[in-house]
Amino acid sequence: MARYNHQVVEKKWQKIWEEKGTFRTSSDYSRPKFYALVEFPYPSGDGLHVGHPRPYTALDVVARKRRMEGYNVLFPMGWDAFGLPAENYAIQTKIHPAVVTERNIDRFRKQMQSLGFSFDWSREVNTTDPNYFKWTQWIFLKLFEHGLAYKKEMPINWCPRCKIGLANEEVVDNGCERCGHAVETRVKNQWMLKITAYAERLINDLDLVNYIERAKIQQRHWIGRSEGADVTFKIKDTQETLTVFTTRPDTLFGATYMVISPEHPVLETLKDRIGNIDAISAYQEEARKKSEFERAELNHEKTGVRVEGLMAINPVNNKEITIWVSDYVLMSYGTGAIMAVPGHDQRDWEFATTFGLPIIEVVSGGDISEAAYTQTDTGTMVNSGFLNGLDVDQAKAKITAWLQEQGLGVPKVNYKLRDWVFSRQRYWGEPIPLVHCKSCGWVPIPEEELPLRLPDVTNYEPTDTGESPLAKIRDWVETTCPSCGGAAERETDTMPQWAGSSWYFLRYTDPNNDQELASKKHLEYWMPVDWYNGGMEHTTLHLLYSRFWHKFLYDIGVVTEPEPYQKRTSHGMILGENNEKMSKSRGNVVNPDEVVEEYGADTMRMYEMFIGDFEKSVPWSTDGVRGCKRFLDRVWKLKDTMQPGDTYSEALEAKMHQTIKKVSHDYESLKFNTAIAALMTFLNDVHQVGSINEAEMKTFLILLNPVSPHLTEELWELLGFGGMLNEQSWPQYDEEKTIAQTIAIGVQVNGKLRGDVTVNLDDTQEVAREKVMANENIQRAIEGKTVVKEIYVPGRIYNIVVK
RNA sequence: GCCGGGGUGGCGGAAUGGCAGACGCUACGGACUUAAAAUCCGUUGGGCUAAGCGCCCGUGAGGGUUCGAGUCCCUCCCCCGGCACCA
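Quick note: the first sequence uses the working numbering, first residue 18, plus one each step.
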């Protein structure tokens with residue numbers, strides 16, 4: 018028989034599927050739907066590497082199975098195509114990013130198609146397409162209209178040599194990624210999105226969805242909700258006050274000084290009263306120079322300067338306490354000021370120890386001369402006036418009520434989550450559709466004028482001032498105010514890459530709509546996404562941003578579901594054969610094209626699923642690829658020995674039902690490796706038996722089809738089974754028939770395996786015991802001992818306890 | 001430091017508290033071949049062994065619960081990923 022020629026057969030079926038529109042999503046909305054989503058890639062110049070197909074194949078398997086189960090399946094693909102690499106390439110080569118992007122997309126698409134994914138290519142979206150980003154801009158305008166977009170001074174990473182603002186990922190070891198020069202912090206007025214307004218709902222609604230637990234935990238952690246109180250301290254002899262956020266208002270009697278962040282505004286408003294303003298300014302300057310990295314890397318040695326001339330009043334006992342400036346207090350969290358309770362906060366303790374400040378114990382139970390005592394579940398209040406003798410929880414409640422009565426404080430919930438910096442000083446992103454008018458302020462451009470396109474430029478370098486390259490295109494920047502008709506200037510910052518990916522899954526439901534981002538009808542049917550798989554690196558930001566946008570769109574009535582993704586799973590990385598992350602510089606990149614060429618797409622897909630635990634990282638192995646190829650070759654040869662038969666043979670019936678059960682279940686629970694192992698085991702059993710019959714062959718091919726679709730379709734056709742394989746129904750199993758009637762079970766004596774016996778499944782313990790006791794090994798093992806107890810678990814184990 | 005995920009043969013990995021190592025790879029032996037590749041068959045956790053079965057040890061370390069622990073509980077060690085003084 019002819020050897021299997023994967024190159025010819027795979028091309029053949031890819032062509033047939035495309036011509037017949039086999040995987041086009043149906044418009045029959047009376048059928049149950051299944052929306053499978055994988056993260057759309059950034060189409061880089063390097064093309065696909067073998068890590069990409071792992072999640073694509075996984076959900077392709079599920080999508081193909083669902084179609085055979087009668088679902089109307091939406092399984093789309095697109096391009097997250099704005100981004101830095103194309104822009105950096107443009108700076109070097111002067112080639113327009115759109116040109117490069119299109120070239121890269123064509124390459125990616127071709128590579129994906131060669132792998133036989135069942136994407137509905139008619140629904141492809143591209144974030145850089147004006148017909149797409151028109152709606153990204155539209156959503157931004159809605160956010161702006163609803164007061165969720167605002168401008169604020171925010172620090173950026175600045176390279177003084179390249180004169181360019183850098184994204185966090187472009188900062189390597191505190192240096193600029195391209196020139197190595199030390200990166201500084203610069204303050205720029207930037208667009209912000211008020212995601213914090215949704216913090217509570219983003220936490221609570223995690224209860225509505227089925228995400229892998231670690232993803233939920235990461236999200237909760239990132240949002241970082243904490244309950245406490247805002248407490249106001251007066252500054253002596255001034256009208257100013259300092260408000261602090263604390264989660265431990267119970268320790269207020271232990272507050273022996275205050276610390277404010279170097280950026281705190283009171284340093285400006287009261288600077289005339291500050292005795293050592295020069296020292297303070299010097300400290301501020303030092304803090305400004307420190308990058309995030311430096312702050313993080315240093316071993317947290319506390320630095321700071323006392324603010325001379327200012328004293329604060331502790332509201333519970335009217336004691337005067339000193340005020341300090343230190344960079345361990347962050348302006349971006351809470352109020353930028355803290356009350357320091359060195360007895361019960363480790364950071365405050367370190368600071369107080371460094372500067373010789375008083376430490377007072379207010380919760381007993383620890384030794385505050387050694388370390389701060391931070392336990393809250395044990396301990397009793399001391400040195401705390403009317404709180405003495407209470408436990409921590411009681412004290413918290415009492416002091417919070419008291420502060421409220423006195424008008425000195427209010428209960429407060431704080432979040433670590435910060436608003437989303439939405440500006441980039443870059444060319445290759447969606448233009449922000451606002452103009453600035455001297456008399457009207459920021460004015461949105463009219464919706465009819467969307468999309469606001471990028472102007473053509475010749476030079477993609479940012480300006481000396483750190484503004485985007487767009488700032489230099491004066492005839493684009495200068496415009497008229499849509500509101501008053503006067504002279505106005507366009508915003509020249511563009512949106513971050515996160516923007517386009519925050520709603521792309523909505524567009525897939527109705528990709529060509531030019532009236533709305535997607536129509537209600539389509540959204541209602543398809544949303545939410547039933548299963549979304551992506552990398553763990555996107556579980557915080559991308560997931561949170563897109564959930565935020567979706568909730569906003571829900572609030573304004575565009576979408577009808579509160580949450581975009583019903584289920585979220587994650588895949589592990591594929592490493593190089595040397596167990597290191599694949600990268601060009603390490604020289605361990607495996608190109609999927611070569612694998613497809615030599616072994617075929619079916620082998621590639623199977624290996625990617627068989628390689629190991631889907632959720633974990635795993636090194637690539639060329640030998641492992643060959644193993645999968647061998648298996649498929651053996652499947653191919655089955656056709657030569659196939660026997661007639663329209664029911665499963667007696668010899669394989671139980672195995673067949675077990676295999677259907679195992680494979681069906683494992684495909685659903687990300688255990689593709691064990692599903693394939695079960696198929697391999699079945700094939701081994703076929704070889705034991707000597708032949709496979711037609712009924713078994715059909716079932717086997719259907720089970721294998723989602724993983725290796727080309728070869729199975731070809732065999733289906735060659736064997737004349739009728740129709741196309743992908744049109745068949747997913748096989749059913751009979752639970753009764755999965756259970757073998759006789760089974761060998763282990764026999765233990767005192768928990769140690771001493772032999773095995775074959776029993777019938779419905780044997781009583783009496784019958785089983787007779788068989789056990791007839792076994793010579795068992796007789797020897799219990800000889801001369803007293804049987805104390807016997808445990809029989811049918812189908813599992815027989816354990817005899819002896820003394 | 002905190003959070004999350006792990007630690008099982010030479011390797012990737014299996015195992016609702018019930019025969020640890022399924023399945024695949026590698027390696028070794030054999031068949032086929034002038035030969036090699038491919039393919040097929042067999043062996044493959046370590047040790048002991050009278051060669052007959054069998055016995056001992058073994059899932060990062062130590063303790064515990066249980067008739068029975070890779071799996072549950074406690075203490076500790078190591079690896080990977082994420083976060084960075086969050087008041």
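One thing to keep in mind: the hints can contain errors.
Each computed DSSO-like pair below joins lysine-lysine, with the alpha-carbon atoms no more than 30 Å apart [stated by the list, open to error]: (1) Lys-538 <-> Lys-50; (2) Lys-601 <-> Lys-233; (3) Lys-306 <-> Lys-205; (4) Lys-678 <-> Lys-633.
Since the hints were made in silico from the structure, they are not lab data.
Each hint, compared with the structure:
1. Lys-538 <-> Lys-50: Answer holds: Lys-538 to Lys-50 is near 13 Å, not above 30 Å.
2. Lys-601 <-> Lys-233: Status violated; Cα separation ~33 Å.
3. Lys-306 <-> Lys-205: 15 Å, holds
4. Lys-678 <-> Lys-633: Satisfied, since the Cα-Cα distance of roughly 24 Å is no more than 30 Å.
When held up to the earlier numbered hints, the structure conflicts with hint 2 and nothing else.
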